[in-house]
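Asks: Construct the complete structure from the given sequences, taking the supplied hints into account.
What follows is each chain in one-letter form.
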Amino acid sequence: MSSILQVKQLHKQFDQLKAVNGVSFEVDEGMCLGLLGPNGAGKTTTVEMLEAIKIPDNGSIQYRGAPLNEEFRNKAGIMFQSTALQDFITVRESLELFQQLYPKVSDLEQLIQDCALGDFLYQETAKLSGGQRQRVLLAIALVNDPDIIFLDEPTTGLDPQARHNFWQLIHKIKQKNKTIVLTTHYMDEAYELCDKIIIMDHGEIIAQGSPRDLLSEHFNDVVIKLQKSDELESKLMTLEEELCSMSITRHESWVEMQTSDVNQAVKQLLAAEISLSSMQIRERTLDDLFLELTGKELRT
Amino acid sequence: MRWQRFISILKARDREFVRDRSALAWNILFPLLIIFGFAYAFTGDQLDQYKVGVIHQSENNEISFYSTQYIHFIDINELERTTAIDKVKRHQLDMLLEVDKKRYWVNDSSPSGYMLEKVLAGSGGEGYQKQRVQGAQVRYVDWLIPGVLGMNMMFSALFGVGYVVVRYRKNGVLKRLKATPLSALEFLSAQVVSRLWLIMAITSVVFIGCDLLIGFSMAGSYFNLFLVYALGAFSMISMGLIVAARVKSEEMAGGLLNMMSWPMMFLSGVWFSLEGLHPWVQKLALIFPLTHITQAARVIMLDGAGLLVILPNLVALLVMSVIFLLLGVLLFRWE
Numbered sequence: 001m002s003s004i005l006q007v008k009q010l011h012k013q014f015d016q017l018k019a020v021n022g023v024s025f026e027v028d029e030g031m032c033l034g035l036l037g038p039n040g041a042g043k044t045t046t047v048e049m050l051e052a053i054k055i056p057d058n059g060s061i062q063y064r065g066a067p068l069n070e071e072f073r074n075k076a077g078i079m080f081q082s083t084a085l086q087d088f089i090t091v092r093e094s095l096e097l098f099q100q101l102y103p104k105v106s107d108l109e110q111l112i113q114d115c116a117l118g119d120f121l122y123q124e125t126a127k128l129s130g131g132q133r134q135r136v137l138l139a140i141a142l143v144n145d146p147d148i149i150f151l152d153e154p155t156t157g158l159d160p161q162a163r164h165n166f167w168q169l170i171h172k173i174k175q176k177n178k179t180i181v182l183t184t185h186y187m188d189e190a191y192e193l194c195d196k197i198i199i200m201d202h203g204e205i206i207a208q209g210s211p212r213d214l215l216s217e218h219f220n221d222v223v224i225k226l227q228k229s230d231e232l233e234s235k236l237m238t239l240e241e242e243l244c245s246m247s248i249t250r251h252e253s254w255v256e257m258q259t260s261d262v263n264q265a266v267k268q269l270l271a272a273e274i275s276l277s278s279m280q281i282r283e284r285t286l287d288d289l290f291l292e293l294t295g296k297e298l299r300t
Numbered sequence: 001m002r003w004q005r006f007i008s009i010l011k012a013r014d015r016e017f018v019r020d021r022s023a024l025a026w027n028i029l030f031p032l033l034i035i036f037g038f039a040y041a042f043t044g045d046q047l048d049q050y051k052v053g054v055i056h057q058s059e060n061n062e063i064s065f066y067s068t069q070y071i072h073f074i075d076i077n078e079l080e081r082t083t084a085i086d087k088v089k090r091h092q093l094d095m096l097l098e099v100d101k102k103r104y105w106v107n108d109s110s111p112s113g114y115m116l117e118k119v120l121a122g123s124g125g126e127g128y129q130k131q132r133v134q135g136a137q138v139r140y141v142d143w144l145i146p147g148v149l150g151m152n153m154m155f156s157a158l159f160g161v162g163y164v165v166v167r168y169r170k171n172g173v174l175k176r177l178k179a180t181p182l183s184a185l186e187f188l189s190a191q192v193v194s195r196l197w198l199i200m201a202i203t204s205v206v207f208i209g210c211d212l213l214i215g216f217s218m219a220g221s222y223f224n225l226f227l228v229y230a231l232g233a234f235s236m237i238s239m240g241l242i243v244a245a246r247v248k249s250e251e252m253a254g255g256l257l258n259m260m261s262w263p264m265m266f267l268s269g270v271w272f273s274l275e276g277l278h279p280w281v282q283k284l285a286l287i288f289p290l291t292h293i294t295q296a297a298r299v300i301m302l303d304g305a306g307l308l309v310i311l312p313n314l315v316a317l318l319v320m321s322v323i324f325l326l327l328g329v330l331l332f333r334w335e
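Keeping their order, the protein sequence lines are chains A and B.
Under the numbering used here, the first residue of the first sequence carries the number 1, and numbering increases by one thereafter.
Under the numbering used here, the first residue of the second sequence carries the number 1, and numbering increases by one thereafter.
Hints may contain errors.
What the hints assert, rightly or not - Pairs of lysine-lysine residues, derived as DSSO-like cross-links and limited to a Cα-Cα distance of at most 30 Å, are as follows:
| # | chain 1 | residue 1 | chain 2 | residue 2 |
| --- | --- | --- | --- | --- |
| 1 | B | 118 | A | 54 |
| 2 | B | 130 | A | 75 |
| 3 | B | 170 | A | 54 |
| 4 | B | 11 | A | 196 |
| 5 | B | 178 | A | 178 |
The hints are simulated quantities; they were obtained by calculation from the structure and are not laboratory data.
Replies: This is how it looks when you write it as structure tokens:
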């Protein structure tokens, strides 16, 4: 698979803050790349440099082997984290406006159908709901029939239905072999959509790979969840030595035990006469990986 | 420059303005309200003082006429004789006296001139030679309209470009456009042209509306007036671009635009003649586009002045437009 975007040693500093510090990666054609990280990790700054909105202090970005130029502008579709459209303009007029800014464009009627904009096509953009608005912004990002599409936190603030609807749209785009660069705070979204993820923190890449590879690389265990109770707590205290192979984490209303041998763990719990009626077993998720790599400390 | 991109941005901006009914209505109503208000306020007999211009007033030529009450005597420089005679023609002066040459000018159709002539004859001015002038009275509202139209253009140009582009920058519209192949020149040109034709259209509506409702003097060429207003609007739109170039907050833009517009509103001769002001204030006023618009439009509408007369104002407006436009384009940042 050939790489459509090559990023080498990217640096960006704002006053004393190193927002992006030596980031390098490649994006293959037709791939969906997810950029993950806590607030202030440098995701948006990185993406905005990839979109040619911000200029890097150092490093290089190449689109199909050439620096970002007008050809890139014509072939890139961009959906920012927050975008306003001009007031008093309808959805169709907005699409037509952006369509006229590009030399090569998508079929507008097909785009309207793909993004399900038909019901509110003649409504002013300022009067749309959150989900409708995101679909319009996605359609605008696709109006130039782009080869590469940048989506910066596209589902933030949407309800679950709107998010799943949006994911379906992204799947449709992926089927057309378009390259997607997605930033998101939702790990389930990254897992659902991305072929490769990059986790950033403090302006640097701390992990990259496919979601499955990263999970198997970092975890070889599963999580057993039990509802928290005084009885469970007292029994766990007495069993601490026997359960030393398990790592136990206490939450508000759940106790989680990580183990690489579920059968052995369940046997031990039954032997201790611990009720398993509330038991859930789950595989490790990107949430676990994310927290393990970036810590649980609150970011501003 | 790709015309398709330019036209699409132009159309979008026009739609936005025309569909914003409240702003559109205000752009038309504001100047109409001001003109009607002043037309009403300065109609009638409230000002009962006679105004007499005096060239070469000196103690040697003192006559008792000068001690007549309710006459306001105004010193006139000899070089301003022609202007003063024009004012007698327009009833802005009731009489003009030239003391050395013992002559006076009055307008045959002015009742005040007739009264003053009688008073002069009975108070030491028997030997003064009468110079007749003719001309219809110029009401204050006739004098006011050219400036008020210019002032309305000023607000529409400065705020319609300066404020709107800053709002686009703040809410992310500019950032989104930056991500397309649209160039800054295409975007700014579309803003300028959109605002220019909207201003000219609105000014035409206000002009026709005022003429139909209250009627006013239009002695000169409509083409010359169009030229003055079009160039004037262009210069003030370009001035608005300077604010639009970098400012990120609407509050800051509002402050800067008010700082530009308020001195122009009061020192450009819209409301009152600058003649009575300190000479350096008169010179300072020449740096404002609105001064040149008001001066040129007024002499076209009231005196029927031709292109040669207004040429200095047109050149000044052109130079300002070029400077403001260059500054605006060079300083412009999408974000």
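Asks: Decide, hint by hint, whether the structure agrees.
Replies: Comparing the hints with the structure gives:
1. Pair hint residue 118 (chain B) plus residue 54 (chain A) does not hold up; C-alpha atoms about 81 Å apart against a cutoff of 30 Å.
2. With a C-alpha separation of about 83 Å, the suggested pair residue 130 (chain B) and residue 75 (chain A) falls outside the 30 Å cut-off, and the hint is violated.
3. Restraint check: the Cα-Cα separation between residue 170 (chain B) and residue 54 (chain A) comes to about 16 Å, which is no more than 30 Å; the hinted pair holds.
4. A threshold of 30 Å between alpha carbons decides the hint, and for residue 11 (chain B) with residue 196 (chain A) the separation of about 42 Å lies outside it, so the pair is violated.
5. For a cut-off of 30 Å, the pair hint linking residue 178 (chain B) to residue 178 (chain A) stands: about 22 Å separates their Cα positions.
Comparing the model with each earlier hint shows violations of hints 1, 2 and 4; every other hint is respected.
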